[in-house]
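Number of protein chains: 2
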Amino acid sequence: MSSLPHVVIVGAGFGGLAAARALGDAPVRVTVVDRRNHHLFQPLLYQVASAALNPSDIAVPIRAVLRPYKNVRTLLGEVRSVDVDTRTVTLDQGSLAYDHLIVATGAGHSYFGHDDWAAHAPGLKSLDDATAIRRKVLLAYEAAEREQDPAVRRALLTFVVVGAGPTGVELAGALAEIGHHAMAGEFRAFAPEDVRVLLLEGADRVLPPFEPASSAAAAQQLAKLNVEVRTGARVTHIDAEGVMLGDERIAARTVLWAAGVQGSRLGAALGGPTDRAGRVEVDAQLRLPGHPEVFVVGDLAAASSEGKAVPGVAQGAIQGGQFAAAVIQAELQGRTLAPFRYVDKGSMATIGRRAAVAEIGGRRLRGTLAWLAWMVVHIAFLIGFRNRVLVLLSWAWAWLTFRRGARLITGGFVPLPAPGDVAAPPQDGAGGNTRGPQRVEASRPAA
Amino acid sequence: MSSLPHVVIVGAGFGGLAAARALGDAPVRVTVVDRRNHHLFQPLLYQVASAALNPSDIAVPIRAVLRPYKNVRTLLGEVRSVDVDTRTVTLDQGSLAYDHLIVATGAGHSYFGHDDWAAHAPGLKSLDDATAIRRKVLLAYEAAEREQDPAVRRALLTFVVVGAGPTGVELAGALAEIGHHAMAGEFRAFAPEDVRVLLLEGADRVLPPFEPASSAAAAQQLAKLNVEVRTGARVTHIDAEGVMLGDERIAARTVLWAAGVQGSRLGAALGGPTDRAGRVEVDAQLRLPGHPEVFVVGDLAAASSEGKAVPGVAQGAIQGGQFAAAVIQAELQGRTLAPFRYVDKGSMATIGRRAAVAEIGGRRLRGTLAWLAWMVVHIAFLIGFRNRVLVLLSWAWAWLTFRRGARLITGGFVPLPAPGDVAAPPQDGAGGNTRGPQRVEASRPAA
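Chains as they are written, first to last, in the numbering used here: chain P, 34 to 480; chain U, 34 to 480.
In isolation and in its complexed conformation, chain P is listed as follows (with noise of 0.2 angstroms):
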């Protein structure tokens, strides 16, 4: 009986678990391994980060995903390095043996050497950053309606965005309808037309990777939201009370952070060389230079397709993850394979409401019907019968509704950020509002 070879599988992302599915028939035992026990979705967070959706809707457990392909088992367990001479991966407890590597543990945020930033402007990776993220603008809310100082309140609900790519433009479309419908009527503190969305960009047109015709077409459909462009922009300075750029400060007690993305640590620890962004450079192959045994895959990855870079985009990783597995059976068999090739299948950004930019096979598409476009894409994608229905009921409820069904601020209670006393209770009908303690203790009946 003959021992088949081990091939382990760091990280579950679109590229880790499209290799592991591309192995589930082959003649090899996988081992995948995550910190996290779901798989997720990544273009809908942003969704969930906006109330929209429910953390569950757009993640699967991992091995359940995997439970069809008995030759795979999934580990949850962190990765603290590889050994790339040894074979060897360790985990936060034990270690594996590998005889084939496929690394996809994705890229997270860089905040271009000011770390400092990112407590005030979190970024959106996980279900947790997601979670956070609603918690954040969802207190926002709520202590602006405790506010009486008119100027916190308005710094309470200023809400900015900075980074105009597609989940920069989604996010602040999102934020513009939570403000401006969702919670309409429920604050008695104030208007929805009190609440301020700004979209801060560096570069001269907001997604900046689409056609200039895009972004333009992008830019119109976000100020018929209400939402405030700013193109050229650089923030120099974001601090709890709101962002810099240059001179001018922004008051905004809402700063979240849609700008750069650093490859994750594990991509040095392998020791080949890596780009500005920490991003692993690899072969034709998709291999690690000097190791043909293990791929670097997904947003991890600088790699190329024909003399142009992929982009970091759920398939690129997809693509990425089946090309390495059919490596790793090609060798097995004692074949090659020709050189690594993107198709490019099209990018597109939501904004609102029939409102979304999507470039396809070269064609443009703007407004209701490249907002179609991207509910099919995005339904379609969806891992999971359930996941797909869930979604498109919720998406159905929000459109006829305006509301969003995932308003939950969850963790515990935390003191509202903003000091002073409760504003007075609304009056029935007009009029001034002076009710006060004296009042109330001069109507008090002698106990």
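No lab work stands behind these hints: they were computed from the structure. Keep in mind that a hint or two might mislead.
As the list makes no split between identical chains, a pair holds if one copy fits it or if it spans any two.
Simulated crosslink set (DSBU-like; lysine-lysine; CA at most 35 angstroms straight-line) [unchecked claim]: (1) K169 <-> K158; (2) K169 <-> K341; (3) K169 <-> K103; (4) K103 <-> K257.
This one's a predicted model, so the numbers in the text were calculated from it and none came from an experiment.
Fit chain U to the supplied structure of chain P, relying on the hints for placement.
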């Protein structure tokens, strides 16, 4: 222009929300204060803990529920103290003066003087409790998959529920279904039969508040699900390794508490008499003795109706909240109301698939019929059309597939509890598994 009386409601559970809605059209101003932004449908909380439902399926934003009532405002805040003499409620920030006060802050857990047990045996009162329990249960399975020591693995796969009231019975049934069905086929290191669920009860039967025939029916249905029920079991110690019943140790890494309740802290702060469980003794109008302007309703009240104690269930709180609102309105009109009268609408507890018991209007149901009745009642009382649809769909999906849709471990990576090496990966096909690092090194080509 006259200033309307100000009613402050603390807590937006079943009691507080019922009172606020009943006062929604009355000539009063109402302020609802809660430390959470959501109203929680507590009877389904165990389904979040057992990964069947999402947190937002059973919770709605309080201010969304109260939006139609223009005389009601909602504040997120924590009440620190109440001064019944000056009629002032002090919040984490600022204070509120009231003419009428309705305290409906419910109950928490009581560990019967063993507060050190709380860290090892969490209880189930909030959404954060539920997601923490879900995390604990799912992590135990993940750790068991990596564990090599059979004794430790057994302890990881042993789940103990202390207390066999409705919540304990429901939790135990759900844990058994998770272990024996929902995750079947997903683990390589153990089989569903290795999962053990124990339900411990100090009284001589499960569901002590029900009639003996219902208890017997529940015990039978629990046995069918392979839940080991121990009645007359006195827990004498709980730590990270398990539970002591006198001299007997049950090694279990997951222990859940569903035994005692304790009135919330604010009850004692009112200064009136409280019972042993910290509940406030109220008069026939649910008022604090000596303070006819202060009402206590729901689980925090030790109320009676026609000489019998009002049980700590949702119906008791709803009827109490509505009654307090009616008393306030009657007083404003110069009328007085007859004493509070609790209408028992029946009790039910569900155990598993087509397994439940119910007592409605003197009739006892069990099995499929009770289970259907339980579902209809719980769907009917859920607030919000969207929630009802999503819960129905989640149940239908779980029923058809035996799977649970909300199996997310959130809250960041924490190393698994059990140390030790990682078990070897599965072989494709039968046979021993001797693959180790040496083997890998031997098969490695010279780099």
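Hint-by-hint comparison with the structure:
1. Taking the shortest alpha-carbon separations for K169 and K158, both the intra-copy value of 16 angstroms and the inter-copy value of 23 angstroms come in at or below 35 angstroms.
2. Within a single copy, K169 and K341 get their C-alpha atoms no closer than 39 angstroms, and across copies no closer than 46 angstroms, so neither meets the 35 angstroms cut-off.
3. In the homo-oligomer, the alpha carbons of K169 and K103 lie at most 35 angstroms apart only across protomers (26 angstroms), although the nearest pairing inside one protomer, at 42 angstroms, exceeds that limit.
4. Proximity of K103 and K257 under a CA criterion of 35 angstroms is satisfied inter-copy only: 30 angstroms between copies versus 52 angstroms inside one chain copy.
The structure fails hint 2 only (numbered hints given earlier).
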